[in-house]
Amino acid sequence: MRVLAAMSGGVDSAVAAARAVEAGHEVVGVHLALSAKPGTLRTGARGCCTVEDAHDARRAADVLGIPFYVWDFAERFTEDVIEDFVAEYAAGRTPNPCLRCNEKIKFEALLDKAIALGFDAVCTGHYAQLSTVDGRPELRRAVDEGKDQSYVLASLTEDQLAHAMFPLGDTVKEQVRAEAATRGLAVAAKPDSHDICFIPDGDTRSFLTDKLGEQAGLLVDDETGAVLGRHTGVHGFTVGQRHGLGIDAPAPDGRPRYVLALEPVSGTVRVGSAAKLDVTAIDAARPVVHVDWDGLVECTAQVRAHGGTASAVAEVVDGTVRVTLREPLRGVAPGQAVVLYRDDVVLASATITGTR
Amino acid sequence: MAYLDHAATTPMHPLAVAAMTEALSTLGNASSLHTSGRRARRAVEEAREDIADALGARPSEVIFTAGGTESDNLAVKGIYWARERPRVLASTVEHHAVLDAVQWLGEDAVGWLEVDGHGRVQPWTLAEDLDTASDHEAIGLVTIMWANNEVGTINPIRELAEVAAAHGVPLHTDAVQAVGSVPVDFAESGASALTLTGHKLGGPYGVGALLLKRDVKCTPLLHGGGQERDVHSGTLNVPAIVGFAAAVRASVEDDSARVRALRDELVAAVKRAVPDAVLNGDPVDRLPGNAHFTFPGCEGDSLLMLLDAKGIECSTGSACTAGVAQPSHVLLAMGLEPAAARGSLRFSLGHTSTSEDVAALAEAIGPAVERARNAGIAGMRRSGSTVRM
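Sequence lines, in order, name chains S and D. Under our numbering, think of the first position of the first sequence as 1, with each following residue one higher. Under our numbering, think of the first position of the second sequence as 1001, with each following residue one higher.
Everything labelled a hint here was simulated from the structure, so no lab data went into it. Heads up, the beta-carbon is just placed ideally off N, CA and C, and yes, glycines get one too. Please note: incorrect hints may appear among the correct ones.
As the list claims (entries may be wrong) - Among the chain D residues that face chain S by a calculated CB cut under 7 Å, a handful are: (1) Thr-1235; (2) Asp-1301; (3) Ser-1302; (4) Leu-1332; (5) Gly-1335; (6) Pro-1338.
What the hints assert, rightly or not - Listed next, the stretches of chain D that the computed footprint assigns to chain S, with coverage defined by at least 3 CB atoms under 8 Å from CB atoms of chain S: (7) 1025-1033; (8) 1261-1272.
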């Protein structure tokens, strides 16, 4: 097969590309330049990280002996990921930009271009297992549970998955690093990236305030309706958040308060006790179903990238997924995905719209 | 492999390799006073005389540097500083070695000379800009490239220098692409300073020269031994200078008609395979080895990859640090739309090019353009169009 390996400059995508080469595929490496364009002056270069990452990816491709190019997807990334991220927060939801990037950039913009240019698949360093069962792609959790990224890949369609390749799903991260070292890849010891790539300083709140400005509103006690404080924008909050609420007085019972709900139209942030964060039912829209079922299905529901799982029963009604949890989950934020698993097999993914 | 990127760098001329190889194993600092030093000095001075002779300059006008970027920086900044006038006029299509150097001098220090649709600065444009410059924005230097590195258009340097001289302003020209490709005579051109570099004409990397008229003051960028007329310091790179001079001689003597005929063959072949391909730059008065096309509906990076896979090497324009092809400032200045600028490729031939290279491109370009067009359409598919479930 002709395989296009997306190479971020990190250890995972480098080893994934190496494995694709070793499997006998004809591999071309591509680094996606995603950060916003520099000014008209070329002297104002991109952020140093991007240039450095592109360099690391290039050096990995050199070691693998594959052609390497840098493709500019900054415009698509800005429109489809960053602007969406900002709009979602403005609407009081909590988006997952990595999921969105997989959906719109790696397995849409990049995949479409790759297919048109004669490639058969896009290979990435994601940790997830992908196989074909009865002619359909089957997505499963990675062997390395701590690294498992099936959650951020579950919203890919059957067609997208049919052209995807995740060579690291059967390996734990430590082994991937060891393998990188054995293969002579200089990125073997490069630290993992954790933060949102377009917010390098990790300060999401000030990033959003820059984009959205200050939109004053009230912090309200969910139970009593009492005004507890003021804030500068609902986009500074996420359901389940405890720190940085800016409330002076402690709760009457002395227990910590959490964000329970965001109401962007009125600018209200509802806060209350941890117990009120418990959710037992989830509604989710725009489902992508990988394994069909009739009526109710026993499954495990996952509501964020890491952790947040509970056994559940789910059904699809009129294009909406209704999930009833057998045990309560906390901090379930609209905008995140709910992904349903049977054992380690992904059944479906959908976007959380409401909780009860 | 068909190497069609001679404008990026061209193979070293065998005579230059031979001359440089011999010099590499010869001891001597050209500034030393003993026998070895004198031998090294003699090699440098013979090289200087050869280059001067080949380019219509006097030997004392040849200042050796580390290459085109350094020569451009030295000329632009050095003459600007020495003249103590507030502004430099530069064309909008200069190489980054000039563009970024003048921008570095400060926003108020630069006036931009517009180009026509072929990327050429017309003498009347320069005259108008010089006429209308008031005292507080007096021009200290004009810098206009001899031939454009992307689209190959040749500027009327002699006429431009005449206009500048009539206003008492020196003219610097970046002739990196011109020397060895078209006749260049420094004295006849009327330019006060001229940049050339080794590796674009069959010499080694890391060596170049600034031809600088004796009466033009130039403040040095580097301070030290003052080896080159006190304008440039640093131990002379004897082997590179020797190889450089051999290459200048060989390239000037080389018959450009052969390359020009190959280039015309290439243009015809591309037009046959892709009838709507647009040749950018002046169709006639251009560098003999340059062919620059816009392929409507294509992205240059897609085409480059597809051709690379077929063993055909070309360029999308000047490369960027991160390796991303930004739309070329040259093409934008010529009035092309950003999409057209992104869909452009440069093929450049040189002294080792053959008709087999052209034939390889003729065979590959049609299918590559077709495929890149499909990829371009795929790229235009907007978010939200994907049907789920």
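Each hint tested on the structure:
The beta carbon of D/Thr-1235 is not positioned within 7 Å of any beta carbon in chain S (closest approach about 30 Å), and the interface hint is therefore violated. Because the smallest distance between the Cβ of D/Asp-1301 and any Cβ of chain S comes to about 6 Å, under 7 Å, the interface hint for this residue holds. Using the Cβ-Cβ criterion of 7 Å, the hint placing D/Ser-1302 at the interface with chain S is satisfied: the shortest such distance is roughly 6 Å. With a least beta-carbon distance of about 9 Å to chain S, the hint placing D/Leu-1332 at the interface is violated under the 7 Å criterion.
For D/Gly-1335, the shortest C-beta to C-beta distance to chain S is roughly 16 Å, which exceeds 7 Å, and the interface hint is violated. Interface restraint check for D/Pro-1338: the shortest CB-CB distance to chain S comes to about 11 Å, outside 7 Å, so the restraint is violated. Chain S is given as covering the stretch 1025-1033 of chain D, and this is violated because 0 residues of the stretch bring a CB closer than 8 Å to a CB of that chain, at least three being needed. Here's how the stretch 1261-1272 of chain D fares: 0 of its residues keep a CB closer than 8 Å to some CB of chain S, so the rule of at least three is not met and the hint is violated.
When each numbered hint is compared with the structure, violations occur for hints 1, 4, 5, 6, 7, 8.
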